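**Q** First to last, the sequence lines map onto chains A and B.
Anchor point for the first sequence: position 139 equals 139 in the numbering used here, and the numbering is continuous, going up by one each time.
Anchor point for the second sequence: position 211 equals 211 in the numbering used here, and the numbering is continuous, going up by one each time.
Treat the hints as calculated values from the structure; they're not laboratory data.
Every value quoted in this text rests on a predicted model; they were computed, and no experiment measured them.
Be careful, since some hints might not be right.
As the list claims (entries may be wrong) - Footprint (simulated), chain A over chain B, 3 or more residues, beta carbon under 8 Å: (1) 22-35; (2) 80-90; (3) 105-117.
Said to hold, decoys possible - Label-pair restraints from in silico Cβ distances: (4) 246(A) - 35(B): 32 to 40 Å; (5) 147(B) - 3(A): 36 to 44 Å; (6) 143(A) - 35(B): 45 to 53 Å; (7) 99(A) - 339(B): 52 to 60 Å; (8) 194(B) - 270(A): 39 to 47 Å; (9) 40(B) - 99(A): 25 to 33 Å; (10) 36(B) - 243(A): 46 to 54 Å; (11) 40(B) - 2(A): 32 to 40 Å; (12) 32(B) - 50(A): 43 to 51 Å; (13) 2(A) - 170(B): 27 to 35 Å; (14) 200(B) - 184(A): 54 to 62 Å; (15) 188(A) - 36(B): 25 to 33 Å; (16) 99(A) - 310(B): 53 to 61 Å.
Ideal placement from N, C-alpha and C gives every residue a C-beta, glycine not left out.
Each chain, letter by letter, is given below.
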Amino acid sequence: MVKILRSLVRHRRLVRSFVVRDLKARYVGSTMGFFWSVIFPIVNLFVFMFVFQFLLRARFGDQMGPKEVAFYMLAGILIWAAFAETLTRATNCLVENANLIQKVVFPSEILPLNLGLSSLVNMLIGLPIVVAGTWVVMENPLGVQFLAIPVLLAVQLLFTVGLGYLLATLNALWRDTYHLVGVGVQVWMFATPIFYPPFLVEQAKIAKSDNPDDGFYTFGWLLDINPMHWLVESWRRVLLFGQWPEPAMLLRFTLVAVLAFAAGSLFFQRQKRVFPDLL
Amino acid sequence: MGPTSEQSGSAIIAKDLAKRYRIYDKPIDRLYDVVLPFKKRFRDFWAVKNVYLDIAKGSTIGIIGVNGAGKSTLLKLLSGISEPTRGEVHVEGRVTSLIELGAGFHPEFSGRENIHLACSILGLSEAEIAEKMEPIIAFSELGDFVDRPVKTYSSGMYVRLGFSVATCVDPDILLIDEALSVGDEHFKGKCLRRLNEFSEAGGTTIFVSHDLGSVRSMCSHVVLMDDGEVVEQGAPDAVADEYLKRVRARADDPMQMRSRAENEYPAWGSGELFLEDVQVLGEEGQPGRMFQTGEDVTIRLCYRAVADTEDPVFGVGIYRSDGTYVNGSNHLWRDQPIEFGAIRAGETGEVDMCLGRLPLLAGQYYLSTFVYDHSKPAPTAIDHREHVQTFEVVDARVQQHGLLTLPSTWRVRRTAGADAETTEWTSER
Chain A
1 MVKILRSLVR
11 HRRLVRSFVV
21 RDLKARYVGS
31 TMGFFWSVIF
41 PIVNLFVFMF
51 VFQFLLRARF
61 GDQMGPKEVA
71 FYMLAGILIW
81 AAFAETLTRA
91 TNCLVENANL
101 IQKVVFPSEI
111 LPLNLGLSSL
121 VNMLIGLPIV
131 VAGTWVVMEN
141 PLGVQFLAIP
151 VLLAVQLLFT
161 VGLGYLLATL
171 NALWRDTYHL
181 VGVGVQVWMF
191 ATPIFYPPFL
201 VEQAKIAKSD
211 NPDDGFYTFG
221 WLLDINPMHW
231 LVESWRRVLL
241 FGQWPEPAML
251 LRFTLVAVLA
261 FAAGSLFFQR
271 QKRVFPDLL
Chain B
1 MGPTSEQSGS
11 AIIAKDLAKR
21 YRIYDKPIDR
31 LYDVVLPFKK
41 RFRDFWAVKN
51 VYLDIAKGST
61 IGIIGVNGAG
71 KSTLLKLLSG
81 ISEPTRGEVH
91 VEGRVTSLIE
101 LGAGFHPEFS
111 GRENIHLACS
121 ILGLSEAEIA
131 EKMEPIIAFS
141 ELGDFVDRPV
151 KTYSSGMYVR
161 LGFSVATCVD
171 PDILLIDEAL
181 SVGDEHFKGK
191 CLRRLNEFSE
201 AGGTTIFVSH
211 DLGSVRSMCS
221 HVVLMDDGEV
231 VEQGAPDAVA
241 DEYLKRVRAR
251 ADDPMQMRSR
261 AENEYPAWGS
271 GELFLEDVQV
281 LGEEGQPGRM
291 FQTGEDVTIR
301 LCYRAVADTE
311 DPVFGVGIYR
321 SDGTYVNGSN
331 HLWRDQPIEF
341 GAIRAGETGE
351 VDMCLGRLPL
361 LAGQYYLSTF
371 VYDHSKPAPT
381 AIDHREHVQT
391 FEVVDARVQQ
401 HGLLTLPSTW
411 RVRRTAGADA
421 ETTEWTSER
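Throw the hints in and build the complete structure from the sequences for me.
**A** Rendered as structure tokens:
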């Protein structure tokens, strides 16, 4: 892990070149350019608003009207999109850059980081909308709590890139990983309270049988094992409600992020020497 | 040169270098192997083994060998792209490899942006890139195209840009893998000049090729690889002879000739008569796949008639591998034509096209055969086959370049001053 971090620092200029290239590559040749970074989440927002608010009539509690719900969802979508995008792209990054890895002496460990940074920058383009929105419609807009944003960005990057290392390595060894990740990300998204408030999960229950005395299956544990829930929740507290993140939650996420990065980078480092032969 | 030279004067030292690839039958076995490394699920394949090299600074080394001999793997080990399974490599200085020109170019970006990124991959700082940018663009001769996306480039332009980047960044060691097929003759010449300048300035070049001609003209020392091992090294001529011996032994192996995939190229015709075999015969009348310039060569067409036919005419087209039509002829359009007349079903025979002393220079060539019915005003195809046979010409004796040898002599006349006598020299062929 230290080895990888050191290598990342050593190649920071190359990382920057790649991030810039990736950001440019997103919209090179398109007329609207970076505007798409904003349009995409907003369209997504309308779709999910329609489905969850109007068709399914999900309850968001008493204190949130439709406008609040919109920004509540939008914040979740932006964060999730950055995470999911990095994850899927990182999984395939070694295969996609096989040309570089096989033909040039190339530090492949920078690839997941590039993707993570690029997605975060993309996310930062969308975030001001959320912040501006909360100033207009919410009661407790962002104040001094914006100081928490760099911390959240850092732990999110750590977690995402750590998983990215793990999945990229797995995918180099076994190509089905990529498809598996595609499905997994989808499932994970709906398991995370993005389009619905967390208390719905806590309340949800399914009877074990027709006899009510048998008890119920409950789903609150889903939130207790889902690091992305902790992250999204922390972001929302800061962006929407002008509160500091809940320390316990943020701490837990940080711990998981460090673990993910340690495990992912270790696995990556140990398999790295075979990449040129595998791809 | 050689294993005895001083360590300080070496650019690259390889000790007991070996590379093993693991061949897995199923992709998932690779994953199991990482998770549960207790059972053997792979077969070993040693692409390179027992390689000792000591390459002096400033020398130009050629690595030759047939396809699959491990040349490219060795180059990857020397460049540090892939890690050796056993042994070690010491490298002094910055290595640039021309294993693939333009690796990592992004098609949507302009040439200039791609130069920038390629240079940062090679480890140049921002200031160095700014300094190198103009020379690179100038050398690549891209002109205004440098600001257009790389996807609009012709393949020649792409390779030119790649070559310019790789050689303009002041490497100490240059590794070249057959990369000199860089577009037109003009640019090729420029590349060779650039490589010569590079080695005159003290750079070390390692050059992988199976083009004997360029290896002989450029290298001071040649390493011959076969089956992953260095089997011979030394002066270019001696090693080249050994290489030719091995290649001919392999190429003339009849098993190898039969195993060529059949009919991957177009063939058509009415089919009353067909060619059972097309052979290229060498000096001793043996069918082969590899010939030397100047060798007595005959192309033999063996036919079998399955139905009656009138006036078939056999023709042969000779092409160079790049599609250049070298020659086409048949036995009818001659001063003294041979006419077949009627052929009955069941007849077999052979038609020879005797080339005499083969004038073709080194390269890959292929043959197409044409059997046409000339009894009608417009000849129609009976059995037309494209690309039926390939052969290679190597040229160890003739020091000429291009497509064909020409029976030329050279004459020089010199007069030292106004009153002096004129002296004349004439060179033999």
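**Q** With reference to the structure, classify each hint as holding or not holding.
**A** Here is what the structure says about each hint:
| no. | hint | in the structure |
| --- | --- | --- |
| 1 | 22-35 | holds (count 5) |
| 2 | 80-90 | holds (count 4) |
| 3 | 105-117 | holds (count 6) |
| 4 | 246(A) - 35(B): 32 to 40 Å | holds (37 Å) |
| 5 | 147(B) - 3(A): 36 to 44 Å | holds (40 Å) |
| 6 | 143(A) - 35(B): 45 to 53 Å | holds (49 Å) |
| 7 | 99(A) - 339(B): 52 to 60 Å | holds (58 Å) |
| 8 | 194(B) - 270(A): 39 to 47 Å | holds (41 Å) |
| 9 | 40(B) - 99(A): 25 to 33 Å | holds (31 Å) |
| 10 | 36(B) - 243(A): 46 to 54 Å | holds (48 Å) |
| 11 | 40(B) - 2(A): 32 to 40 Å | holds (33 Å) |
| 12 | 32(B) - 50(A): 43 to 51 Å | holds (46 Å) |
| 13 | 2(A) - 170(B): 27 to 35 Å | holds (32 Å) |
| 14 | 200(B) - 184(A): 54 to 62 Å | holds (58 Å) |
| 15 | 188(A) - 36(B): 25 to 33 Å | holds (27 Å) |
| 16 | 99(A) - 310(B): 53 to 61 Å | holds (57 Å) |
The structure fails none of the hints (numbered hints given earlier).
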